[in-house]
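**Student:** Listed below are the residues making up each chain.
There are 2 protein chains.
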Amino acid sequence: MVSVECRSTVGRLSKATPSTRSLNKPRQARDSEATKAQILNAAEEEFARHGLSGARMDAIAAGTGVTKAMIYYYFENKEGLYQAVLQRPAHELLDALKQLPLDELAPEQALEMLVKGAIAHEVAHPYQQMILFQEASQNRGKYFAQADWQAPFAYLLKILERGMVDGTFRAVDPWLTAINIAGVCNFYFTTYDNVKHIAPDWDFRNPAMVERHTQEAIAFILAAVKQQK
Amino acid sequence: MVSVECRSTVGRLSKATPSTRSLNKPRQARDSEATKAQILNAAEEEFARHGLSGARMDAIAAGTGVTKAMIYYYFENKEGLYQAVLQRPAHELLDALKQLPLDELAPEQALEMLVKGAIAHEVAHPYQQMILFQEASQNRGKYFAQADWQAPFAYLLKILERGMVDGTFRAVDPWLTAINIAGVCNFYFTTYDNVKHIAPDWDFRNPAMVERHTQEAIAFILAAVKQQK
DNA sequence: GTCTATACTGCGATAGAC
DNA sequence: GTCTATCGCAGTATAGAC
Chain A
341 MVSVECRSTV
351 GRLSKATPST
361 RSLNKPRQAR
371 DSEATKAQIL
381 NAAEEEFARH
391 GLSGARMDAI
401 AAGTGVTKAM
411 IYYYFENKEG
421 LYQAVLQRPA
431 HELLDALKQL
441 PLDELAPEQA
451 LEMLVKGAIA
461 HEVAHPYQQM
471 ILFQEASQNR
481 GKYFAQADWQ
491 APFAYLLKIL
501 ERGMVDGTFR
511 AVDPWLTAIN
521 IAGVCNFYFT
531 TYDNVKHIAP
541 DWDFRNPAMV
551 ERHTQEAIAF
561 ILAAVKQQK
Chain B
341 MVSVECRSTV
351 GRLSKATPST
361 RSLNKPRQAR
371 DSEATKAQIL
381 NAAEEEFARH
391 GLSGARMDAI
401 AAGTGVTKAM
411 IYYYFENKEG
421 LYQAVLQRPA
431 HELLDALKQL
441 PLDELAPEQA
451 LEMLVKGAIA
461 HEVAHPYQQM
471 ILFQEASQNR
481 GKYFAQADWQ
491 APFAYLLKIL
501 ERGMVDGTFR
511 AVDPWLTAIN
521 IAGVCNFYFT
531 TYDNVKHIAP
541 DWDFRNPAMV
551 ERHTQEAIAF
561 ILAAVKQQK
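First to last, the sequence lines map onto chains A and B.
Each residue of the first sequence is one higher than the one before, counting from 341 in our numbering.
Each residue of the second sequence is one higher than the one before, counting from 341 in our numbering.
Hints should not be assumed to be uniformly reliable.
The list makes no distinction among identical chains, and a pair is therefore deemed to hold if it is satisfied within one copy or across any two copies.
[Stated by the list, open to error] Straight-line alpha carbon distances no greater than 25 Å define the calculated DSS-like cross-link-like pairs of lysine-lysine that follow:
id	residue 1	residue 2
1	K498	K536
2	K566	K456
3	K536	K482
If you're looking for bench data, these hints aren't it; they were derived computationally from the structure.
Working from the sequences, and respecting the hints, build out all of it.
**Tutor:** Right, here's the structure in full:
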């Protein structure tokens with residue numbers, strides 16, 4: 341029996357990078373910031389699909405146009421690259437949340453805005469949630485603890501507590517409910533590749549489909565926490 | 341091609357294995373079914389943590405007490421073992437659902453029973469959901485499509501549609517809502533290892549904690565889909 | 001049926017030319 | 001800064017003794 345072929349990245353990489361470089365680079369053959377961002381983008385998908393130990397540096401290099409040696413030049417090693425990938429969306433999400441006027445809104449509107457923002461952010465960083473899952477599965481959250489993911493959660497907890505105080509929301513366990521809300525926002529993206537095989541024709545990256553998910557998620561979550569009249 | 345010829349590195353392995361066996365094993369008589377189940381249990385956790393390509397046959401063997409060669413004896417190869425692991429909980433979940441009198445209950449009660457059953461099943465198979473996620477991430481659902489996961493979903497869809505017809509539930513998109521419900525049931529288990537680092541002292545395998553999650557999930561889901569009076 | 005030993009390949013990391 | 005080449009170990013799978 342031939343072995344499994346779970347990965348298709350194998351040999352032939354050395355040939356594969358002819359000179360795609362000189363095309364997309366108008367000038368300035370050396371732009372360290374752009375190169376780093378490019379590496380992070382490719383690494384984000386590879387780590388999301390395979391986790392820290394499963395990701396292949398060759399695969400990341402193949403997704404960037406630069407060589408594997410360059411990745412080691414910019415990032416100390418595989419682990420350093422992983423930490424950088426994990427850190428980036430945490431900061432970007434936090435920055436996005438900071439700009440929302442959540443405190444000025446009624447709990448209900450604040451929750452709706454937060455959910456909308458979180459899903460939009462997930463769309464902008466398509467692999468964020470997958471990486472977090474890989475992190476939990478493989479490393480039991482070791483690197484998650486080092487990144488700055490606490491703050492975004494705090495926003496959600498605060499809204500829930502505010503809503504319970506003023507009677508808009510029913511009495512819930514804030515942590516468990518926060519997890520449930522996060523689950524509704526994200527599960528769509530993490531299970532799509534399975535569900536697509538058993539559900540009628542879907543294209544979950546399709547903006548219209550994402551919009552429908554957003555609307556359904558908001559309606560679902562608000563109904564779930566609102567105090568019944 | 342300067343031939344490398346330093347293949348001599350391989351020969352040094354012979355020192356390494358000091359035969360840890362033969363100490364005190366209950367020496368169970370040869371029981372192929374028990375051994376197979378034992379292998380599947382160990383494989384379930386390893387595949388859940390690392391996925392098909394990331395799982396290590398050595399690690400699985402270490403978790404069973406039998407040698408790696410025995411795993412290849414019982415299962416054709418890594419892929420065959422993976423498929424067996426993926427298949428098992430699908431059938432067990434389906435069998436469990438078949439025994440629930442869902443059709444005889446009102447949609448609301450049926451949904452509650454289904455959610456309770458699904459969470460209980462997840463607790464009995466602690467790594468089921470993680471494997472499904474790994475499957476989506478790494479293999480884009482290729483093996484998921486081969487296992488029999490369609491049927492359990494059908495039960496949920498049917499209940500939702502029944503509830504919309506009789507007016508118990510509000511008008512929702514059945515598929516998106518089914519995914520949201522599955523997300524609420526499962527997200528707790530898949531993110532615990534991350535969340536535990538930022539939430540106060542939790543022990544999510546603790547039965548009392550699981551019971552709280554079950555209650556919160558049921559309340560959350562029912563409130564989310566019920567028609568407002 | 002169960003073990004030990006090992007062949008062959010995949011992959012992280014580095015050396016060194018330019 | 002960027003590349004090519006390659007080292008050395010880890011990992012799948014198998015052969016063959018008992």
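**Student:** Taking the hints in turn, state whether each one holds.
**Tutor:** Now for the hints, and whether the structure bears them out:
no. : hint           : verdict
1   : K498 with K536 : between (35 Å within a copy, 18 Å between copies)
2   : K566 with K456 : both (17 Å within a copy, 22 Å between copies)
3   : K536 with K482 : between (32 Å within a copy, 10 Å between copies)
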